[in-house]
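Residue numbers (this note's numbering), protein chains in the order written: chain V, 1 to 306; chain L, 1 to 464.
Among these hints, one or two may not hold up.
Claimed, not checked - Within a straight-line C-alpha distance of at most 25 Å, the following computed SDA-like cross-link-like pairs (lysine to any residue) qualify:
1) L:LYS214 - V:GLN117
2) L:LYS111 - V:ALA44
3) L:LYS349 - L:LYS457
4) L:LYS399 - L:LYS349
5) L:LYS457 - L:GLY250
6) L:LYS421 - V:THR79
7) L:LYS111 - V:LEU240
8) L:LYS251 - V:ALA70
9) L:LYS457 - V:HIS156
What the hints assert, rightly or not - Reference listing, derived: stretches of chain L covered by chain V, where coverage requires no fewer than 3 residues with Cβ under 8 Å from a Cβ of chain V:
10) 79-93
11) 154-167
12) 222-235
13) 271-282
14) 377-386
15) 423-431
The hints are simulated quantities; they were obtained by calculation from the structure and are not laboratory data.
Each residue gets a CB set at the ideal place from its N, CA and C atoms; glycine is no exception.
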Amino acid sequence: MGAAVRGLEARGLMGPRVRILDREAPLGYLLLVPLLLLLGLFLAYPFLFGIWLSVTNAQIGDNGHFVGAANYQYERSDTVFIQSFANTITYTAVTTVFKLGLGLLMALLLNQVFPAQRFVRAALLLPWIIPSVLSTLAWRWMFDPTFSVVNWVALHYLHLPSVNWLGTTSTALVSLMIVNTWRGIPFYGISFLAGLQTIPTELYEAARVDGATRFQQFRQITLPMLRPILVVVLLLSTILTFGDFTLPYVLTNCAPYNSTCVLSTWAFQIGVNGGYIGIGAAISLVLFPLLSIIVAGVLIGLRSRD
Amino acid sequence: MADIRDITDYLAKDDWSRRRFLQATGLVAATITAGPILEACGGSTGNGTSTTTAVGTIPKPRAGAKIQLLQWNSFVPAADAEIKRQAAEFSTANNVTVTIQTVSGDQLQPKTASAVEAGSGPDIIQMQYGWPHLYDTACLDLTEFVNILKAQLGTVNAVNDAFCKVGGKYLATPYCQVPNAWSFRTDYWGQAGLTDFFTTWDELASAGKALKSKSLPPIAVSLGHAYGDAITMWYPVLWDFGGREVSSDGKKVTINSKETLAAVNWAIDTFKNQYISQNTLSWLDPDNNQAYHSGLITATLNGASIYIKEVYTTATGHKYAAVTNNAGMPKGPKGLESLNLIFNHAVMKWTQEADTAKAFIAYLMQPDNYTKWLNASVGYNAGPFQKLTNADIFNTDPKLKPFVGVVATGKWPGWPAQPSKATSQSQVQFVIVDMFAKACTSGDAKGAIADAEQKLKRIYETPV
C-alpha cells in the first residue's frame, strides 16, 4: 500500500464504503446503474405506460379510467382487427423466410473474392441505408398500375399482362412482402457476412483435406459456426417485422379496403387518427405475449447450446 | 372594465350620500361578477395574459409574444407563401413572432394528436374536418371571438359551423373550404364525341363508356384511403342516391337501405364495365394529380390544384392548360350533395398567448388579407364567412366558378347527423369508401353493405 493510500486511510477517506468498489460484483452492479436508469426511462416507462393505456378507456387528450380487459374484448369482434392479426403473422413469417434465405445467399456470395468487392458490399447495403419512407415511395410509384415501370417492362419486354399490384387484396399484400424483403436482405446479408468472416479458414482447409464437399462444408462448418449470429438476427428481424409501421403505412395505408392492414397500422388508425388511444394500445400490445414466448424460447435455446 | 384602483379612488372621496353609496356598492358587485361572466364567454384568456378581453372587441397581441401555427402544406404553394408573408407582416407590426410550421396533409393529424396528448405544442392548429370534436378537451372556447368575427364578416358556412361548434360552443374559428370539383380534358372529351360535362352520375357512366369505346384515358377517382379525394367522391355518391350512414340523431345506423344498394350498384356497374379507372384502389391524394399531369386520365374529382398547376404555374409548363376545364358535382336520383375538405383554426388550451393567437387569426380573417390569400391560392380555397366568399379570382377566371358552386351543396361525413367523435371515427376508418371499394372489386353489393353496417354499428351503437 502506497504512502498516498495510507494517507487517505488516515484521514478516513478510504474506509469500507470506498473499498466495496474493489469487489467485482458490487462494482459491476454500480456500473450498470446508469444504463438501467436509461433503459427504465426510455424503454420500461413507455412500455408500462402502453400497458396502462390498453386497460383504460383513454382518448387523445383524455386520460380515461381503468376498464380492465374491455378494450381487448371489444377488438375480438372487430373484423379488421382479425384481418390485421392474420396479415401481421403472414407478413412476418413469409418475409422472414425469404430474408433469411436470400440474406444467407448474399453473405456467401459477398464472402468470395471478386473485383470491386468493397463497392458491391457497400452498394448492397443501400436498401437498408435509404430512409424507408423514400424507398417505399419509390416502390409505390413502381407498383402503381398507372405509372408502373414494373408493368411497363413486363408488358413491353416480357409480353406479360399488367398486374394491379396495389389494387387487389392478394397482390397488395404480396407487394408489401416484396418491399419488406428487399429492404431487409442487406441486414441479414451483412450480419451473416460478419459471422462468416469469423470462422477460421483452418476448419475449411482441414475439411477439404478430409475430402468434404462444398455442401458438406456448409452444413458441418458454416451453419453451426454461424448459428449464434443467425439466431440473433432472426430474432431481431422477427420483432422488427412484427412491429413494422412505416412500410405498410406509406405503401398502402391499409387499402384496398383494409385488406393490407397490419396490427401497427390498424392501431395507428384507431388510436391516433380515431382518437381511441386506449384501444389502439390494446391492438398494438396483443402480440406481446406471443413475441415474449418466441424471444424467451430463442434466448434460452441459444444459452443452453452455448 | 373598471379595475380595483378606480373603485378605491372613488371610495376615497368624501361627501358620501345614499346615492353615492349605492353607486359604489353597485360598482364593486359589477367588478366581482363581470370577471367570471367574461371568462365564461371566452373573453378572458386565463392563460397567462394579464388583461381581460373586452366583450365585442378583437384581443390585442402582447408585445414580445411568440406563437406558432401548425398547418398543412397546401397543394398550392403560393397560398402558404402568402400566409407566411402575412405572419411576418403581423409580427413586425405588433412586435411579436409568429411562426408557421407546415407538414404534409396526412401528417397533420398525427402531429395534432401528439400535441393534444402531450398537452403542449403549437398555439394554433389548423383543424381538418371534425377534429374540434375529436380534440375538444384541448381546444379553447372561442365562442365570443367567433361571434365578433360573425358580426364583422357575416354568417358562417353551415359545414364550417358544424365542424367548429361542439356542444354549442365554438372550439375553432371557421377558416376555409377546399372545394372539390371535376377537372377534365376537353380534347379527350371532344374526341369521345361528348359535348357537355356530365350532370348526373348516370351521365358519368355514359361518358366513361364513350371514352372507353374510343380507347381514351378513363375517368379516375380514388377508391383507396385518400383522406381528401376518396371521401369527397364516395360520400356524395351515397347521399345523391338517398343513402345515409346514420340517422340524424346519430344513434341508429341506417346504411343498410335500398338507397344505399342503388348507390353501390351504380358504382359496381360503372367500375366493372371499366367506365372509371380500375387502377385507383390504392390511390392516395396526390395520385390523381400525378396521373392527370401525366396525361393518363381524362377527368378526376379534385381541388382546383390540378387546374392551377396546368394554367397558373409557369414552372410546370402549361402542358394541358388549353385543354383543361372544370365542372361541378353531378346529381343523383335523390339530390345533389358535395363534400369538401374543410379547415378551421383552433387555439389550444396550453397556449400562454391566447390573445395574440386570436389577434393573429383575426388578422388573417380581415377581408383585405383574406382576399389576398384567396387570390394567391388561385381559387383553391373558398371563404367560410359571407363577406369572404367572393375573391377576385373567381370573377376573373370563369373556369374556376365550379369550385365556388360546390360550396353551397357541401355536407360533412356522417350527415345528416351532426359531426361528432363517432362521425369522425367512421370517416378515419374509411368505412363508406371501403364499402364502395369492396363492392366494386367483389361485385357483391349486399355483402359490402353488410360489412359496412357491422363496422358502423360498432362505431355508433356499441362503442367501447
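Results of checking the hints against the structure:
1. Between LYS214 of chain L and GLN117 of chain V, the direct Cα distance comes to roughly 54 Å. Violation of the 25 Å bound is thereby established for this hinted pair.
2. As the CA atoms of LYS111 of chain L and ALA44 of chain V are separated by approximately 24 Å, the hinted pair is consistent with the 25 Å bound.
3. About 33 Å separates the Cα atoms of LYS349 of chain L and LYS457 of chain L, which puts this hinted pair outside 25 Å; it is violated.
4. Of the supplied pair hints, the one linking LYS399 of chain L and LYS349 of chain L is violated, its CA atoms being roughly 42 Å apart against a limit of 25 Å.
5. Of the supplied pair hints, the one linking LYS457 of chain L and GLY250 of chain L holds, its CA atoms being roughly 11 Å apart against a limit of 25 Å.
6. Proposed proximity of LYS421 of chain L and THR79 of chain V is supported: the alpha carbons are some 21 Å apart, at most 25 Å.
7. A hinted pair counts as satisfied when its Cα atoms are at most 25 Å apart, and LYS111 of chain L with LEU240 of chain V qualifies at roughly 24 Å.
8. Pair hint LYS251 of chain L plus ALA70 of chain V holds up; C-alpha atoms about 22 Å apart against a cutoff of 25 Å.
9. With a C-alpha separation of about 48 Å, the suggested pairing of LYS457 of chain L with HIS156 of chain V is violated against the 25 Å cut-off.
10. Coverage of a stretch by a chain is defined here by at least three residues with a beta carbon nearer than 8 Å to that chain's beta carbons; for the region 79-93 of chain L and chain V the count is 0, and the condition is violated.
11. Given a C-beta distance limit of less than 8 Å, the hint that chain V covers the region 154-167 of chain L is violated, as 0 residues qualify and 3 are needed.
12. Counting residues of the region 222-235 of chain L whose C-beta lies closer than 8 Å to any C-beta of chain V gives 3; at least three are required, and the coverage claim holds.
13. Only residues whose C-beta sits within less than 8 Å of a C-beta in chain V count toward coverage, and the region 271-282 of chain L has 6 of them, enough to reach three; the restraint holds.
14. Restraint check on the region 377-386 of chain L versus chain V: 0 residues with Cβ-Cβ distances below 8 Å, three needed, restraint violated.
15. Counting residues of the region 423-431 of chain L whose CB lies closer than 8 Å to any CB of chain V gives 5, so the stated coverage by that chain holds, three being the minimum.
The structure shown violates the earlier hints numbered 1, 3, 4, 9, 10, 11, 14.
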